[in-house]
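Asks: Residue numbers (the numbering used here), protein chains in the order written: chain V, 177 to 569; chain P, 177 to 569.
There could be a bad hint or two in this list.
No distinction is drawn between identical chains; accordingly, a pair holds when it is met within one copy or between any pair of copies.
[What the hints assert, rightly or not] Under the rule of at most 25 Å between Cα atoms (straight-line distance), these lysine to aspartate or glutamate pairs were calculated in the DMTMM-like manner: (1) Lys263 - Glu281; (2) Lys396 - Glu278; (3) Lys396 - Glu293; (4) Lys396 - Glu281; (5) Lys534 - Asp214.
I should point out that these hints are in silico values taken from the structure, not numbers from a laboratory.
There are 2 protein chains.
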Amino acid sequence: MSISSFYPPQRTLMGPGPSDVNPRVLAALARPTIGHLDPQFVAMMDEVKQMLQYAFQTESALTLPISAPGSSGMEACFVNLLEAGDKAIVCQNGVFGGRMKENVERCGATAIMVEDEWGKAVDVAKVEAAFAEHPDAKVLAFVHAETSTGAQSDAAALAAIAKKNNALSIMDCVTSLAGTPVKIDEWGIDAAYSGTQKCLSCVPGISPVTFSEAAQETIKNRKTPVQSWFLDMNLIMGYWGKNAKRAYHHTAPVNSLYAFHESLVLLQEEGLEAAWARHVEHHAALRAGLEAMGLSLVVDEADRLPQLNAVSLPEGIDEAAVRGRLLNEYQLEIGAGLGAMAGKIWRIGLMGHACNQKNVLFCLGSLDAVLTDMDAKINSGAAVKAALASYAA
Amino acid sequence: MSISSFYPPQRTLMGPGPSDVNPRVLAALARPTIGHLDPQFVAMMDEVKQMLQYAFQTESALTLPISAPGSSGMEACFVNLLEAGDKAIVCQNGVFGGRMKENVERCGATAIMVEDEWGKAVDVAKVEAAFAEHPDAKVLAFVHAETSTGAQSDAAALAAIAKKNNALSIMDCVTSLAGTPVKIDEWGIDAAYSGTQKCLSCVPGISPVTFSEAAQETIKNRKTPVQSWFLDMNLIMGYWGKNAKRAYHHTAPVNSLYAFHESLVLLQEEGLEAAWARHVEHHAALRAGLEAMGLSLVVDEADRLPQLNAVSLPEGIDEAAVRGRLLNEYQLEIGAGLGAMAGKIWRIGLMGHACNQKNVLFCLGSLDAVLTDMDAKINSGAAVKAALASYAA
Numbered sequence: 177m178s179i180s181s182f183y184p185p186q187r188t189l190m191g192p193g194p195s196d197v198n199p200r201v202l203a204a205l206a207r208p209t210i211g212h213l214d215p216q217f218v219a220m221m222d223e224v225k226q227m228l229q230y231a232f233q234t235e236s237a238l239t240l241p242i243s244a245p246g247s248s249g250m251e252a253c254f255v256n257l258l259e260a261g262d263k264a265i266v267c268q269n270g271v272f273g274g275r276m277k278e279n280v281e282r283c284g285a286t287a288i289m290v291e292d293e294w295g296k297a298v299d300v301a302k303v304e305a306a307f308a309e310h311p312d313a314k315v316l317a318f319v320h321a322e323t324s325t326g327a328q329s330d331a332a333a334l335a336a337i338a339k340k341n342n343a344l345s346i347m348d349c350v351t352s353l354a355g356t357p358v359k360i361d362e363w364g365i366d367a368a369y370s371g372t373q374k375c376l377s378c379v380p381g382i383s384p385v386t387f388s389e390a391a392q393e394t395i396k397n398r399k400t401p402v403q404s405w406f407l408d409m410n411l412i413m414g415y416w417g418k419n420a421k422r423a424y425h426h427t428a429p430v431n432s433l434y435a436f437h438e439s440l441v442l443l444q445e446e447g448l449e450a451a452w453a454r455h456v457e458h459h460a461a462l463r464a465g466l467e468a469m470g471l472s473l474v475v476d477e478a479d480r481l482p483q484l485n486a487v488s489l490p491e492g493i494d495e496a497a498v499r500g501r502l503l504n505e506y507q508l509e510i511g512a513g514l515g516a517m518a519g520k521i522w523r524i525g526l527m528g529h530a531c532n533q534k535n536v537l538f539c540l541g542s543l544d545a546v547l548t549d550m551d552a553k554i555n556s557g558a559a560v561k562a563a564l565a566s567y568a569a
Numbered sequence: 177m178s179i180s181s182f183y184p185p186q187r188t189l190m191g192p193g194p195s196d197v198n199p200r201v202l203a204a205l206a207r208p209t210i211g212h213l214d215p216q217f218v219a220m221m222d223e224v225k226q227m228l229q230y231a232f233q234t235e236s237a238l239t240l241p242i243s244a245p246g247s248s249g250m251e252a253c254f255v256n257l258l259e260a261g262d263k264a265i266v267c268q269n270g271v272f273g274g275r276m277k278e279n280v281e282r283c284g285a286t287a288i289m290v291e292d293e294w295g296k297a298v299d300v301a302k303v304e305a306a307f308a309e310h311p312d313a314k315v316l317a318f319v320h321a322e323t324s325t326g327a328q329s330d331a332a333a334l335a336a337i338a339k340k341n342n343a344l345s346i347m348d349c350v351t352s353l354a355g356t357p358v359k360i361d362e363w364g365i366d367a368a369y370s371g372t373q374k375c376l377s378c379v380p381g382i383s384p385v386t387f388s389e390a391a392q393e394t395i396k397n398r399k400t401p402v403q404s405w406f407l408d409m410n411l412i413m414g415y416w417g418k419n420a421k422r423a424y425h426h427t428a429p430v431n432s433l434y435a436f437h438e439s440l441v442l443l444q445e446e447g448l449e450a451a452w453a454r455h456v457e458h459h460a461a462l463r464a465g466l467e468a469m470g471l472s473l474v475v476d477e478a479d480r481l482p483q484l485n486a487v488s489l490p491e492g493i494d495e496a497a498v499r500g501r502l503l504n505e506y507q508l509e510i511g512a513g514l515g516a517m518a519g520k521i522w523r524i525g526l527m528g529h530a531c532n533q534k535n536v537l538f539c540l541g542s543l544d545a546v547l548t549d550m551d552a553k554i555n556s557g558a559a560v561k562a563a564l565a566s567y568a569a
């Protein structure tokens, strides 16, 4: 056995995430490791919490990064708020609603599913009907921005229905946070989780979460212990909480948190509103280019996320071959369809640091070139010009 | 709000971990992020698995890094192997045996505790007695190297008792892996977990685990689903497994895995036996220095870990003040006692990259200077010379 150091290629990441990482974030990542109980690290954690409250638009003190990927943040919300025998209404309009169901059931709770077509927003009326039938539901769970389809649901309306029915809302905002408005306090969301590798322009591996006062009360008053020791917020609060003694719980991923801190500094420098506007601007240009090429977006305009674009395929094209050529010849990653959408769409991400004019033009130009070369039925040569016109408008 | 980028100080990390990270590992960490399903990343993962098998001394195909800290690796072992109603014998001779108990109980299983004094090895006779009383125990769990005390237990003997009683063994080797011999296959360990931030000289945040064939059979034949979706090895095998389709499970912490890959390349370059010998050599010098100063090690010589040294305190000294001065004046971190040992000991780590002659002499010299300055009852000026003599011997 003799394995050498690994030197990854320099890709452009325009899939569903991880997306391009800001170079300042990579630089922060490599700074010297210090102890997870070092006073300077503890002070940095306080800054992370404060900036994360800004990102989530919340004043909740229980706002912090879980030391594991987004799936773990999802699990943290469910295992802390649900106990065996509870009932949760779960909206499914893509892959991640299905994963929520898995989480509910593994807590010994019952999932009442509200199903919508993949690529559509969650139907608010169906959720009201579900509560009418199950007024004892403890939780309403939904995905704000479905990463598998690029559809956005009306989080404010859904949270209001939960509140009206004395249920706690759990929101997946993995793909929305910092890309499109997320307003935890204004909307009245009780628990939300996100990821760092999407619109926050950070490396994957950390999951920001936030819990409302009502959620915290529920956690403190549980009848049974949280089934996960690692994700038990009662214990995590002892390390991250407001008046916490910084009690040792687990060893924090020190360097990943340097990186996350830096990505939050970048967000603070740009400003949330400016970041949201940037995603809209480049989405418009990408869309203009794709449409000029003859391709269409899967999601209805009203529900479309700017940062994740599900694109219909040209007739008769081998979609995997296209992605393969983009990756190998152009060092450009775009995403495949997932679950029910596998083989039917591409997913083009414009997330965080990856969301810029250069990437939009590069992506359109490369896709145009590959499709033209593969004799796809597209309007060759029209895309880049249309995108530029969108920027000029 | 205006928060600036965070620039950590350059510490020397000689506590219980995180310990000093090799600069090559930090450099790898900052390489450009690529997709977690990128063919080049998948190829790198295969190398990680192969090198991790070497580190664990196992041929088990289910040997991989969990995308979260060591506590999560612990949880992965328990939630996959235990179901509600099961019985586990848990050895406790420090903090981490207590955490194992928490994990067992959160699985709805019963923990039969075998208690030993903190700082002592697990008493093999007591474990045999526990099996005699509970022949139906499904699991025997123990900590190979107790990070809270620096005591090492006889893993081979304990695994043999488990096997004789048709139980599966779960071993915590967070602090032992790559610092002192760990031989999964030779000892017949069924499940083991470790951390990256100790003797592997890597950043914290990843937990290497390995499961034997018998453990895998147990996981495949569970009557109930694993309570954690994120840690369900049945799902994780689809991404990391031998003939896996690299099915999307969660977004891997890409950059942390670059770092872990590099730390395993470093281990392969040095060789396991050489790494073990290095830890013994520098431990002997540190010990000589401490003893010359008049301090003693807490753990009996036969059970003493070279990489983590629990040190008795000089009479009447404010131990936290000493650590504070070492940190602030010397940029040197050593560890406090944990749990029952809090305020009673220091823990001086010699782990991985931090285990070298310069650090030993620097630590002894700094400790000598601070203690002398605080009028502690020690033999001032003797420590460094004694350590040098140990190297020369």
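Asks: Give a verdict on every hint.
Replies: We went through each hint and held it up to the structure:
1. Lys263 - Glu281: both (10 Å within a copy, 23 Å between copies)
2. Lys396 - Glu278: both (24 Å within a copy, 18 Å between copies)
3. Lys396 - Glu293: This pair counts as neither: shortest intra-copy Cα distance 37 Å, inter-copy 33 Å.
4. Lys396 - Glu281: Both: 22 Å inside a copy, 19 Å across copies.
5. Lys534 - Asp214: Between copies, since 22 Å is at most 25 Å while 41 Å is not.
When held up to the earlier numbered hints, the structure conflicts with hint 3 and nothing else.
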